[in-house]
Amino acid sequence: MEHGRTPTVPAASAATVAGVAERARPGIADRALETLARSWRPLALLVACFAVWWVVSAARLVEPYLVPSPGSTLQVMRDKAGYIWHHGWVTTYETLLGFAIAVAVGVLAAVIMVYSSTVEKTLYPVLLFAQVVPKIAIAPLFIVWLGFGIAPKIVVAVLIAFFPVVISMVTGLKSVDPEMVQLSATMGAGPLQTFVKIRFPASLPHLFSGLKVAVTLAVTGAVVGEFVGANEGLGFVILQANGNLDTPMLFAGLIVMSLIGVVLFLLVEIAEKLLLPWHASRRGDAVTTTY
Amino acid sequence: MTEEVEQTVALAEGGGDAAAVDVDDVAVRFRTRKKDVLALRQISLSVATGEFVAIVGPSGCGKSTLLKLVAGLLKPSSGAVRLHGDAVTGPRRDIGYVFQRAALLEWRSARRNILLQAEMRHMPGAAARKRADELIDMTGLRGFEDAYPHELSGGMQQRVALCRALLHRPPVLLMDEPFGALDALTREQMNIELNRIWRETGTTVLLVTHSIAEAVYLANRVVVMSARPGTVTEIIDVALPAERDYAETMGLEEFSSATTRIRRLLGAAPGAE
Chain A
521 MEHGRTPTVP
531 AASAATVAGV
541 AERARPGIAD
551 RALETLARSW
561 RPLALLVACF
571 AVWWVVSAAR
581 LVEPYLVPSP
591 GSTLQVMRDK
601 AGYIWHHGWV
611 TTYETLLGFA
621 IAVAVGVLAA
631 VIMVYSSTVE
641 KTLYPVLLFA
651 QVVPKIAIAP
661 LFIVWLGFGI
671 APKIVVAVLI
681 AFFPVVISMV
691 TGLKSVDPEM
701 VQLSATMGAG
711 PLQTFVKIRF
721 PASLPHLFSG
731 LKVAVTLAVT
741 GAVVGEFVGA
751 NEGLGFVILQ
761 ANGNLDTPML
771 FAGLIVMSLI
781 GVVLFLLVEI
791 AEKLLLPWHA
801 SRRGDAVTTT
811 Y
Chain B
186 MTEEVEQTVA
196 LAEGGGDAAA
206 VDVDDVAVRF
216 RTRKKDVLAL
226 RQISLSVATG
236 EFVAIVGPSG
246 CGKSTLLKLV
256 AGLLKPSSGA
266 VRLHGDAVTG
276 PRRDIGYVFQ
286 RAALLEWRSA
296 RRNILLQAEM
306 RHMPGAAARK
316 RADELIDMTG
326 LRGFEDAYPH
336 ELSGGMQQRV
346 ALCRALLHRP
356 PVLLMDEPFG
366 ALDALTREQM
376 NIELNRIWRE
386 TGTTVLLVTH
396 SIAEAVYLAN
406 RVVVMSARPG
416 TVTEIIDVAL
426 PAERDYAETM
436 GLEEFSSATT
446 RIRRLLGAAP
456 GAE
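Protein chains in written order, with my numbering: chain A, 521 to 811; chain B, 186 to 458.
The set of hints was computed from the structure by calculation and includes no laboratory data.
Note that CB positions come from ideal geometry on N, CA and C, so glycine has one too.
Some hints here could point you the wrong way.
Derived pair list, reagent style BS3-like, types lysine-lysine, alpha-carbon separation capped at 30 angstroms [to be verified]:
id, chain 1, residue 1, chain 2, residue 2
1, A, LYS694, A, LYS793
2, B, LYS253, A, LYS793
3, A, LYS717, B, LYS253
4, B, LYS315, A, LYS694
5, A, LYS641, B, LYS315
6, B, LYS219, A, LYS641
7, A, LYS732, A, LYS641
8, B, LYS315, A, LYS717
9, A, LYS732, A, LYS694
One-sided excerpt, in silico: chain A residues whose CB lies under 7 angstroms from chain B [said to hold, decoys possible]:
id, residue
10, ASP550
11, GLU554
12, ALA705
13, ALA709
14, GLN713
15, PHE720
16, PRO721
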């Protein structure tokens with residue numbers, strides 16, 4: 521069908537809309553510069569921290585058996601790369617499995633709670649109780665129940681990551697525009713259709729902010745599980761190094777552990793950008809949480 | 186055309202003598218823990234098929250509640266509401282609804298927001314897309330159909346909401362202060378467009394508004410409501426032709442007498458806007 525208006529310009533092109541022009545996609549070099557311009561401050565702070573660390577150890581302000589030099593720490597990371605890689609992977613594996621279970625159970629629990637206030641009233645105090653019980657205190661119990669394998673680590677990771685997932689998903693599902701739900705009713709949509717097409721997608725921005733908290737907590741959970749009793753994982757590495765007064769290895773373990781947390785956090789953030797481009801663009805590109 | 190469309194057209198015409206919308210001695214009571222609020226009392230209103238009726242009244246008089254009753258989104262405490270002679274007992278599918286806020290899904294483009302109506306109703310895809318294209322042209326959205334809500338101005342968003350409400354050719358269109366959040370100029374423009382769309386579609390329209398000028402310019406009849414508990418104070422016939430030029434209409438004797446009468450009823454000073 522032709523519309524007879526301004527036939528010289530393709531009607532569907534956004535560039536033809538008054539005052540709106542598609543911006544050219546920046547090249548790789550430009551984008552790298554942009555990223556650098558955005559992230560130089562946190563990078564500079566990180567470098568400054570390393571510099572302070574280096575000065576402290578080089579000037580022997582603290583004994584090396586208390587704080588190792590950056591050099592000896594890097595040395596250990598290089599020499600024992602296979603060892604660290606193996607245990608790092610165990611911790612990552614426990615974290616990811618715990619996180620995945622926490623997300624699946626948390627989202628399901630949130631959906632049920634939002635649709636049934638009876639379930640919500642019944643479940644909420646239990647959830648809160650599970651949240652306030654210090655996980656470190658009950659972790660030994662899981663070792664007694666589940667043994668020294670990865671099961672107790674995953675359970676601790678799930679318990680610690682579960683709460684932010686539930687809370688954010690409940691908030692997301694409840695924050696849907698009530699007029700949108702009424703509109704859906706006048707369209708003859710049933711509860712399932714309304715959930716799939718309106719409620720669930722609308723709740724995703726909230727869910728993702730919960731997921732970012734949850735994924736970093738899951739790392740903590742896995743390591744706490746390892747502290748209590750393990751023969752694998754970074755928690756185990758740190759405990760061993762501590763026992764041997766091997767501070768370079770201890771520091772290496774800490775650095776790898778933090779890196780795992782940061783990488784997982786960034787992965788969740790990338791997933792958010794890919795899945796919710798509408799949300800990211802509404803927030804505006806100038807406001808970004810990635811460095 | 187499609188079955189869905191034939192059905193709604195048949196509904197619009199097949200109602201016979203029954204009014205498109207019939208509100209019969211309705212009262213609505215809201216119960217909260219502390220208070221018992223009587224929102225509407227003794228409301229009776231009959232709207233003929235193809236008629237444009239505007240509802241004006243002070244804030245909180247229950248205008249929106251009245252629209253929700255007609256849509257079946259609320260149950261009256263007493264009395265009855267009928268659409269084409271058929272008692273309203275639950276949410277009605279044979280209406281289109283437009284809210285003050287556009288209520289668009291942020292993750293869908295304008296066109297896909299319009300087509301949500303078709304998806305929910307399981308309308309045949311090709312016919313729905315063709316209808317969406319017609320409406321996009323009719324409301325001047327051409328060129329913006331692939332834009333996302335956050336990229337659209339308030340007026341454009343409201344046009345999308347209007348297209349979505351008209352996609353299934355509803356015999357009755359309910360509008361709850363649809364232009365209340367727009368600036369004055371955009372609002373006038375939307376008024377002119379709504380008048381044309383109403384003439385082109387022949388839909389029965391029930392419009393809630395705060396603007397007396399908007400009510401008189403658009404409607405065949407204006408229902409003036411009292412403060413809470415809301416009831417019908419008076420129904421004013423607007424003796425203007427269906428096709429109305431905006432600026433010209435504003436200057437007509439009929440227009441000013443109707444607006445003055447409504448202002449008096451609402452207790453505003455004569456001539457005050």
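Hints, one by one, checked against the model:
Our distance criterion of 30 angstroms between C-alpha atoms is met by LYS694 of chain A and LYS793 of chain A, whose separation comes to about 23 angstroms. Taking the CA atoms of LYS253 of chain B and LYS793 of chain A, the gap is near 38 angstroms; set against the 30 angstroms cutoff, the hint is violated. About 23 angstroms separates the Cα atoms of LYS717 of chain A and LYS253 of chain B, which keeps this hinted pair within 30 angstroms; it holds. Between LYS315 of chain B and LYS694 of chain A the CA atoms are separated by roughly 35 angstroms; this puts the pair beyond 30 angstroms, and the hint is violated.
At most 30 angstroms may separate the alpha-carbon atoms for a hinted pair to count; LYS641 of chain A and LYS315 of chain B exceed this at roughly 48 angstroms. At most 30 angstroms may separate the alpha-carbon atoms for a hinted pair to count; LYS219 of chain B and LYS641 of chain A meet this at roughly 23 angstroms. About 26 angstroms separates the Cα atoms of LYS732 of chain A and LYS641 of chain A, which keeps this hinted pair within 30 angstroms; it holds. Of the pairs offered as hints, the one joining LYS315 of chain B and LYS717 of chain A holds, with about 22 angstroms between alpha carbons and a cut-off of 30 angstroms not exceeded.
Restraint check: the Cα-Cα separation between LYS732 of chain A and LYS694 of chain A comes to about 20 angstroms, which is no more than 30 angstroms; the hinted pair holds. Among the interface hints, the one on ASP550 of chain A is violated; its C-beta lies about 23 angstroms from the nearest C-beta in chain B, farther than the 7 angstroms criterion. Because the beta carbon of GLU554 of chain A sits about 22 angstroms from the nearest beta carbon in chain B, more than 7 angstroms, this interface hint is broken. With a cut of 7 angstroms, the hint placing ALA705 of chain A at the interface with chain B holds, because the nearest CB-to-CB distance is about 4 angstroms.
Here the hint on ALA709 of chain A is kept, as its CB sits about 4 angstroms from the closest CB of chain B, short of 7 angstroms. At its closest, the beta carbon of GLN713 of chain A sits 6 angstroms from a beta carbon of chain B; the interface hint therefore holds under the 7 angstroms criterion. The beta carbon of PHE720 of chain A comes no nearer than 11 angstroms to any beta carbon in chain B, farther than 7 angstroms, and the hint placing it at the interface is violated. The restraint placing PRO721 of chain A at the interface with chain B holds, with a minimum CB-CB distance near 6 angstroms, inside the 7 angstroms limit.
Checked against the numbered hints above, the structure breaks hints 2, 4, 5, 10, 11 and 15 and satisfies the rest.
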